[in-house]
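Using the sequences provided together with the hints, build the complete structure.
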Amino acid sequence: MSESDEKLLGRMLEGDEEAFTALYRRRQGPVYRFALHMTGSAAIAEDVTQEVFLALIESGRRFDGSRGPLLSFLYGIARNRVLRRIEKERVTEPAGEEYAGGEDLLDDLTRRETVEQVRRAVLSLPEAYREAVVLCDLENTSYEDAAAALECPVGTVRSRLSRGRAMLAQKLASHMARSVT
Amino acid sequence: MSEDRVVEALRALSEQDASREASPEVEARLRVQFQSRGRRRAWRRTAVWATAAAAAMVVFFAVPNRKPPAPAPVRGVVTQPVVVQPEAALAVPVKTARRVRKSATRPQEVVTDFFPLMDPAPPFERGQLLRVELPASAMQMVGLPVREDRLADSVQADVLVGEEGLPRAIRFVSFELK
Numbered sequence: 000m001s002e003s004d005e006k007l008l009g010r011m012l013e014g015d016e017e018a019f020t021a022l023y024r025r026r027q028g029p030v031y032r033f034a035l036h037m038t039g040s041a042a043i044a045e046d047v048t049q050e051v052f053l054a055l056i057e058s059g060r061r062f063d064g065s066r067g068p069l070l071s072f073l074y075g076i077a078r079n080r081v082l083r084r085i086e087k088e089r090v091t092e093p094a095g096e097e098y099a100g101g102e103d104l105l106d107d108l109t110r111r112e113t114v115e116q117v118r119r120a121v122l123s124l125p126e127a128y129r130e131a132v133v134l135c136d137l138e139n140t141s142y143e144d145a146a147a148a149l150e151c152p153v154g155t156v157r158s159r160l161s162r163g164r165a166m167l168a169q170k171l172a173s174h175m176a177r178s179v180t
Numbered sequence: 000m001s002e003d004r005v006v007e008a009l010r011a012l013s014e015q016d017a018s019r020e021a022s023p024e025v026e027a028r029l030r031v032q033f034q035s036r037g038r039r040r041a042w043r044r045t046a047v048w049a050t051a052a053a054a055a056m057v058v059f060f061a062v063p064n065r066k067p068p069a070p071a072p073v074r075g076v077v078t079q080p081v082v083v084q085p086e087a088a089l090a091v092p093v094k095t096a097r098r099v100r101k102s103a104t105r106p107q108e109v110v111t112d113f114f115p116l117m118d119p120a121p122p123f124e125r126g127q128l129l130r131v132e133l134p135a136s137a138m139q140m141v142g143l144p145v146r147e148d149r150l151a152d153s154v155q156a157d158v159l160v161g162e163e164g165l166p167r168a169i170r171f172v173s174f175e176l177k
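Here the protein sequences line up with chains A and B, keeping their order. Take the first sequence: its letter number 158 is residue 157 in numbering that gives the first Met the number 0, and every next letter is one higher. Take the second sequence: its letter number 142 is residue 141 in numbering that gives the first Met the number 0, and every next letter is one higher.
A few chain A residues facing chain B, derived, Cβ under 7 Å:
{"hint": "1", "residue": "F19"}
{"hint": "2", "residue": "R32"}
{"hint": "3", "residue": "Q49"}
{"hint": "4", "residue": "D136"}
It is worth saying that the hints were derived from the structure and are not from the lab. Bear in mind that the values here come from a model prediction, so they are computed numbers and not experimental data. The C-beta atom is built at its ideal place from N, Cα and C for all residues, glycine as well.
Spelled out as structure tokens, the structure:
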């Protein structure tokens, strides 16, 4: 069985570089994707990922296991950085070529087109709803862990998620209607 | 559009992006940062131990009322304990605002403000001010900037020792020829 995040963090704080590397490799993906889905920018997602783990190196002792798992702590840091970047740069438009895959079959094109519509719809949500949708629906985070990351009650996460999905349904339906006409 | 369809669409997006992650350059940069922080921590640990050891030596050799009477000060490490009123000294603005003491016979002495060594500090009535020599890395311990190539150099410092023999605060000293 692999070592828990918290144990790896403990070793990392003692100066164990191997533990830091293991922890980074395990958790950088979710942090990166959270930032990517929140901003639509791969470059910002990279910056945010680096800043999050730098913050962990500098002040990992601030982590309090009683308030949630380490991943929620990392999401919390990422969220602050992302909101700061959004505020500063107002980034919501993804660069199309960043998401291009290698497939070129017609079915895949249709599917990819749908996925890109969903991505754009997610990016157009207000931040409070977007972060609930990204964490719970795209990263499969539990309501409890999302609440720890977003520093709000579980009920708030549920209601934001529900409202976010409703807004997405509206946006996607209107887009489909435009496509038909 | 139903909520189920929305969740399904979101799942498709999640699956498509499941393998996306930061580039290897990010990991490389972070590992460099981690190693450099490790080196800084090692210096700081050394400085703390050096300060503690110096303060302990000072207390052992120089605190008065010991029986038998205190031996002569260790040359180059301690000179002339001075009784001070600590309240004024411990009102610590932790910036590097400098004060100057003038001397007719010696180069001009420049000192930093006091930096507390105990947090929180216990009640303080009286104390002694003791001059010691420390590695420059001790200055980093209290947040003062030191060039990497000067960390091993010696600097003079005044350690404020409480009546119970515990070091309470420290300030650093340099000399300017005028």
